[in-house]
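**Student:** Once you have looked at the hints, place chain B on chain A.
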Amino acid sequence: MLAFRAYSWFLSRRLGLTLLTLWGLASLVFLMIKLMPGDEAQMAAGADASAAQIEAVRERLGLDAPVIMQYLGFLGRLLRGDLGTSIVTLQPVLADLEKVLPSTLELVVIAMLLNLAVAIPAGIVAAYRQGGVFDTTSRITAVMLGGMPAFWLALVLQYVLGSVWRVVPISGQQGYGMNSPVVTGAPTLDALIAGNFAGFFDTLHHIVLPAAVLAALFATQIFRTLRAALLGVLRSDFIMAVRAKGATARHMLVRHALPNSLNPVLTLSGAQAGAMIGSAVLVETVFARQGIGAYMFNAVAQKDAFAVLGSVMFIGTVVCLVNLIVDILQLLVDPRIRAAQLGSQGQ
Amino acid sequence: MRIVHPMPDESTATPVRAPLVTVDRLTVDMPLGRSGSSVRIVDGVDFTIGVGERVALVGESGSGKSLTARALMRLDRLAKLSGRVDFDGIDLLKLSDRDMGKLRGSSIAMVFQDPMSFLDPLMTIGDQVAETLRIRGIGKAEARKRALAVLDELGVDRAAERLDAYPHEFSGGMRQRVVLAMALVGEPRLLIADEPTTALDVRVQDQVLDLLDDVSTRRGLAVLFITHDLGVVAGFAERVMVMYSGRIVEDGDVASVFAKPNHPYTQGLIKAVPRIDQDLNTLYAIPGAPPPPLARPSGCPFHPRCDQRFDRCGKDLPALLPVGLSRVACHLLDGKGA
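Respectively, the protein sequence lines represent chains A and B. For the first sequence, my numbering begins at 3 and goes up steadily by one. For the second sequence, my numbering begins at 2 and goes up steadily by one.
Next up, chain A with everything else stripped away, as it sits in the complex:
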């Protein structure tokens, strides 16, 4: 009961902080709209609009009101989930995002899993055998991958794997005739829900390359962070004590060294989740996939300010939520953080 109260107090504090951050972000977005060169009413009405049409739009959007009223109106609309209206699709931005987002989330989640699944074992082996062959080669690889522009890596892999060896499709989300009825909007999930296993494997086949390209840069960061943290932990006294108990290297690494090195990795992967959605812009464009990236890319290309800023607002919200989750995970991993954050009731 006490523990429950401590946890809910912690959660409400963190949620409050998250809301505060989002308010700051919203204000920034509002400022960006105001500071953008050009007349908002003109942009909303379109390039060909007459002066009368522009004035009509100005009145309809409330742009003739004082700035402070516009700001409050903007915040009020945000609270109702209104991110503005796209001037290209003429749809509410939120409705547009709902269509494209599942596909992006699917890409980002798979890329994140791939990132962790490669970087964590590699980091463990490299640190345990510091200076060995694996350590040296993986560090060189990490430096090369980390310094390589994602679009270039994408093009090279498309050429080698997609065009020369033909092991994966070059672009797109699924093959012709493979699509399943849209339920969630994420092709892999939709295929599973429809029981369309051929379609499921087809979508996976399509997502491997873009997810790998997206994961590559981030995996090098996780690898280096984990390796450095592990090298410190492996030198610590309690690792020797664990070895003195007769633990195998595997047990020592998985049960003791890894949990004690996880804190910086968790923090980093939280930040990465946000950056990945940003990088998805590039990857989705190069691989001709649907998603928030392609949506934002088009919005920028067509000067669709409300679509861009709505998307920024949306990505910011996702980043804040991911960081909230990371905070909670850190609490679960480390009893000392638990004690500091929850007070004595938490134990």
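Read the hints as simulated data drawn from the structure, not as lab findings. Glycine residues also receive a C-beta, built at the ideal position from the N, C-alpha and C atoms. Wrong hints could be hidden among the right ones.
To be verified - Here are some chain A residues pointing at chain B (derived, C-beta under 7 Å):
1. A243
2. K247
3. G248
4. P261
5. P337
**Tutor:** Chain B only, in chain A's frame:
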């Protein structure tokens, strides 16, 4: 702290014991960075520890005493070991890593200097004590029961309630009991105690020493006690080995070594122990400092600091030879052997 200076008499004569550990010409080399070269920290050490015997290994920081102890368990992954370490008839240095792992914790266990840094901060006390058993495939409930029994035996208050507490919730003395429980739960035959009292305050030091004394007597446990504190040695050990610059310079039963130290270094160490009846202004210290392992002087490594040195000391390395019931490595005693 108990500073006792026992006098030799018939009752303290060392009983003859079957050897449990026999160390023969053990050397430990540590690599120097990534250069590929290495430095010899322990330079040809031999000694035995009998079944149930309590032996103290004394020396200044850097004398190689901790690395000698760790070499018995092959704990330093970077150290290169040579020589022989026989444990109950098995040469530990020839075992595979896997087989060595099986002996750690079950036949030979270790307690460490600083109980805070030697406990995993993320794991509960109960899990850490039970881990020694869990590694060997003993079931969760059984391991927990035995962990609780050992913690009770070692006087951890309300042990049953505190199995699920974390190290940061324990006091220094209680943590040292936990570390000791971690070592004892596997029922080892040899316990290596690497300065287990150094990081504790004086009152707690005494409690931990008493505890170690009780437990080793009750279990017939052989103990290799590493310390730089001669006061602790006198109260606890039966035999004392003095290390200097990677070698054993004197080895004898505690009573005779304290009554009549043979090696000038041992004499200096005993003279340097502060006594309650002594004027603080006359505290004795051996002049100079131990040589770094890369720049050991020729001949006897102690000769630059020795107040009894003569010509030969700078030329020949003295061997560890029997003198009475002890062994001493000093040219002064050549020809006085038994």
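**Student:** Take the hints in turn and mark each one as holding or not.
**Tutor:** Now the hints, each set against the structure:
no.	hint	result
1	A243	holds (4 Å)
2	K247	holds (4 Å)
3	G248	holds (4 Å)
4	P261	holds (5 Å)
5	P337	holds (4 Å)
Comparing the model with each earlier hint shows no violations; every hint is respected.
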